Amino acid sequence: MHYPWWYVPFLTSPMLIAIISVLHVLVAHYAVGGGLFLAVETQYAYRHDHREYLAYLKEHAWFFILITVVYGAITGVGIWWTIGVASPLATQTLIHIFVFGWAMEYVFFVLEIVSAFIFYYFWGRLDPKTHVRIGWIYAGSAWMSLVLITGITAFMLHSGRWPEERTFWAGFLNPQFVPQVLARTGGAFLLASLYVYLHATFKAKDPALRDLIAARSARPALLGSLLIVLGGIGWYLALPESAKAALIAASTLNILVVLIFAVTIAVFFMLYLGPYRNPGWLSPGFAILFFTFGLVAITTGEYIREAVRKPYIIYNVVLGNQVYAEKVPELRRTGYLEGGTWTKAWVAHHYPQVLNNGRIDPAQLLALPEEDQVKLGEVLFLYHCNDCHAGRRGFSPVAQLIRGWTPEMVRTVVEHPEKAHFFMPPWAGTPEEAELLTKYLLRIAHPRPAGMYFGEEK
Amino acid sequence: MDPTTLIGPSSPLGYPAPYWFLVTFKVLGFTLHMIPMHIWYAGVLLAMLLQWRGGKVGRQLARRLMRPMPILIALGINFGIVPLLFTQVAYYKVFYPATILMAWPWVSIIVLLTLAYYGVYIYVAGLRTEGATIARWRQAVGWVTAAFFLLIGFFFSNAFSLMTRVRAWPDLWLRESIGGAPLGTALNTGDPTLWPRWLMMFSLALTTTAVFIIVDAEWFATQERPNYRAAARRAALMISTIGVIGFAITGSWYVFGTWPEELRERMFQGPLRALTGLTAISPGAPWLLILWQWRKGGTRARAVATALAQVLVLALNAISRQIVQNAELAHFLDVTAEPVRIQWSPLILFLLLFVIGLGVVAWMLGKLKALRTSESG
Chain A
1 MHYPWWYVPF LTSPMLIAII SVLHVLVAHY AVGGGLFLAV ETQYAYRHDH REYLAYLKEH
61 AWFFILITVV YGAITGVGIW WTIGVASPLA TQTLIHIFVF GWAMEYVFFV LEIVSAFIFY
121 YFWGRLDPKT HVRIGWIYAG SAWMSLVLIT GITAFMLHSG RWPEERTFWA GFLNPQFVPQ
181 VLARTGGAFL LASLYVYLHA TFKAKDPALR DLIAARSARP ALLGSLLIVL GGIGWYLALP
241 ESAKAALIAA STLNILVVLI FAVTIAVFFM LYLGPYRNPG WLSPGFAILF FTFGLVAITT
301 GEYIREAVRK PYIIYNVVLG NQVYAEKVPE LRRTGYLEGG TWTKAWVAHH YPQVLNNGRI
361 DPAQLLALPE EDQVKLGEVL FLYHCNDCHA GRRGFSPVAQ LIRGWTPEMV RTVVEHPEKA
421 HFFMPPWAGT PEEAELLTKY LLRIAHPRPA GMYFGEEK
Chain B
459 MDPTTLIGPS SPLGYPAPYW FLVTFKVLGF TLHMIPMHIW YAGVLLAMLL QWRGGKVGRQ
519 LARRLMRPMP ILIALGINFG IVPLLFTQVA YYKVFYPATI LMAWPWVSII VLLTLAYYGV
579 YIYVAGLRTE GATIARWRQA VGWVTAAFFL LIGFFFSNAF SLMTRVRAWP DLWLRESIGG
639 APLGTALNTG DPTLWPRWLM MFSLALTTTA VFIIVDAEWF ATQERPNYRA AARRAALMIS
699 TIGVIGFAIT GSWYVFGTWP EELRERMFQG PLRALTGLTA ISPGAPWLLI LWQWRKGGTR
759 ARAVATALAQ VLVLALNAIS RQIVQNAELA HFLDVTAEPV RIQWSPLILF LLLFVIGLGV
819 VAWMLGKLKA LRTSESG
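Residue numbers (the working numbering), protein chains in the order written: chain A, 1 to 458; chain B, 459 to 835.
By construction, these hints were calculated from the structure, which means they are not laboratory data.
A couple of the hints might just be wrong.
Here are the simulated DSS-like pairs of lysine-lysine, each with C-alpha atoms no more than 30 Å apart in a straight line [said to hold, decoys possible]:
1. A:Lys58 with B:Lys825
2. A:Lys419 with A:Lys375
3. A:Lys58 with A:Lys203
4. A:Lys129 with B:Lys514
5. A:Lys129 with A:Lys205
6. B:Lys827 with A:Lys58
7. A:Lys129 with A:Lys244
8. A:Lys419 with A:Lys310
9. A:Lys244 with A:Lys419
10. B:Lys827 with A:Lys129
11. A:Lys58 with A:Lys129
Owing to the predicted nature of the structure, the values given are computational and were not obtained by experimental measurement.
Could you build all of it, start to finish, from the sequences and the hints given here?
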């Protein structure tokens, strides 16, 4: 409401957040788990004076830096970039609540970067004890950054006591915090092992070494799977009622939940039977399959986590359409166009005749020519609905969703979207504005598909 | 259209810390960010030029410039998080609209940066495996990388100049939007301050890169041939001279050619006059130090003095930019007048972790110093 809405054809701008977030988390979890892997295994290799394993670990550390420090770090910054332009009000709110959480995370980022480079570039030059300590500094910092960012992302799903208390800690220590830290830590363990398998099957030539890597990395992976399941159960139990309902009601989410549990369990048994009991089974094909399963599980998990938040971006605080939840009643009285900084400026510029004492007079909107009403309906659609729906084509396109609807049906859903689907935000405008949006939707709606037969009399 | 109507209301949450705290970290963070960022911004292009037309010593310099680049980029990106974070806290009313108006170029920075960063790694890998005769395709990657960095700088200059040029918003918005929703394709190219700002930053980046060459030659180039340091000092002087001249020209263009009278008066009066003057002449200090070393020879202490002088130049630049930014925005909003609700315990915890973090970094660097001493002894 306070900011311009970025129109991205076909996809809708929030989908860009989803894309970049998924691309990021696939590496971010490895950045944490991989750090722990390197610290633990380097310590083990030094203790047993295992030269071949140390050589492999050095090679893996280089791969790790290339993936996490470059791609992981930039896509992490990329999330910042994207949320600022695609979801500005929620970003502003999060930043004002959690700036010191991010600032703390930054301290750990610096430690990660410095320790990661020292760990790799001074390999073989630092004494083993110092080298391992540096590895642990990286691992600890990476895990702390996971904890800090999880407190913030978990807050988005369940704002806990924050709406009443409005303090940093009330928001950070929300009901979703511990389950998500558990699940993400598990994801980090599991994904790191899958990255290790993928890398080792191509790079570790000695079968004995490959078996050692397979067996040793199976334990954290098995632990990771358990943590994911435990965290997942905690996550479900701590979900707000609306999110639980969304999970049950939406068929796609239903399938995805089954998929994520099935994949996690499949990976668990494959890990147990494969690398843990029979390390020799690990082949490039097996590793690729594992890795693909891991990516599927993480991607699905992230999608579900995002999807069940609807209709909120921040539960009970900011709605998906960049409106403070507490402002809805006021907007219904005064008007959505009037309440939005950029929508009001747009109306004032194009239709100054609807202003009365500097305010938009809702009654005057319906006195405009029909075409202008449709144009204003488009403004309402873009600012109120485009965060989840494309127009004619694309992501969840409204023109396709309302095929064959009567004007009355459209109007009813426009005025009470939260009653038609509880995961939609409520209408935040006046009845006159609802009329404008209805006119626009009817203009772009596709007709009912022809040729459908229901046994009517001919 | 009155552009002030496009500025939204204040956040009901208020600032989480006093404005002075936020702006201090913003300026400090920007100063720290500029150090490594300058080296890659101008350094990659310089390395490509030196590799192409620099002769034997030039190629040696190019190699030494490019080798630490992956680490410098990682540090620079990381240091950039702080100013960006505090910009979003204190300047949210103008930062978000400006970046939304140019959303596609703004978001493309991430893609360009990823490609450029991998480009640097590809080039550096070539240095390891191919030595002086780096493959042509890798050289091409290096040139593309340099171009990407310049383009990223251009987009940054666009975003941060558009942030204060609120007057331009209505036209850009109405021209490039659909149903009142911006397409995200606007650029601030109509702003007369954009070009000198962009070029001024590049000139300043040249001077930082020159200082980096001096520091590298005195502190880290122990394995190079004896004549390398003299050649590096000569090259640094040349690069610094170009940078200082560029800074003088583009700075004058920026201040006298694009600033409104009112801003000029403000920046040339009272205590700000001293700051503006110092900012303008400060790049001369490291330049003189480089000149001195070129004539009298370099030492580690002299290199450190040059580096400190350059940090001072960057800090003065960051402070002046901040004052100008606030002055430009003063017509539309007062960023210091927002309500404040201090989050004491997270703030203290952050400062505590910051100090501990610095301690851990110092411990790690101490270990490297001890290693270096033991290896050289």
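These are the hints, each one checked on the structure:
1. A:Lys58 with B:Lys825: OK: Lys58 of chain A and Lys825 of chain B at ~20 Å, within 30 Å.
2. A:Lys419 with A:Lys375: It holds: about 26 Å lies between the C-alpha atoms, which stays within 30 Å.
3. A:Lys58 with A:Lys203: 12 Å, holds
4. A:Lys129 with B:Lys514: 41 Å, violated
5. A:Lys129 with A:Lys205: 28 Å, holds
6. B:Lys827 with A:Lys58: 22 Å, holds
7. A:Lys129 with A:Lys244: Between Lys129 of chain A and Lys244 of chain A the Cα gap is close to 49 Å, so the pair fails against 30 Å, i.e. violated.
8. A:Lys419 with A:Lys310: Within the cut-off at roughly 14 Å; holds.
9. A:Lys244 with A:Lys419: Distance ~17 Å between Lys244 of chain A and Lys419 of chain A Cα, so the pair holds.
10. B:Lys827 with A:Lys129: At roughly 16 Å apart (the allowed maximum being 30 Å), Lys129 of chain A and Lys827 of chain B satisfy the hint.
11. A:Lys58 with A:Lys129: 16 Å, holds
Of the numbered hints given earlier, the model fails hints 4 and 7; all others are met.
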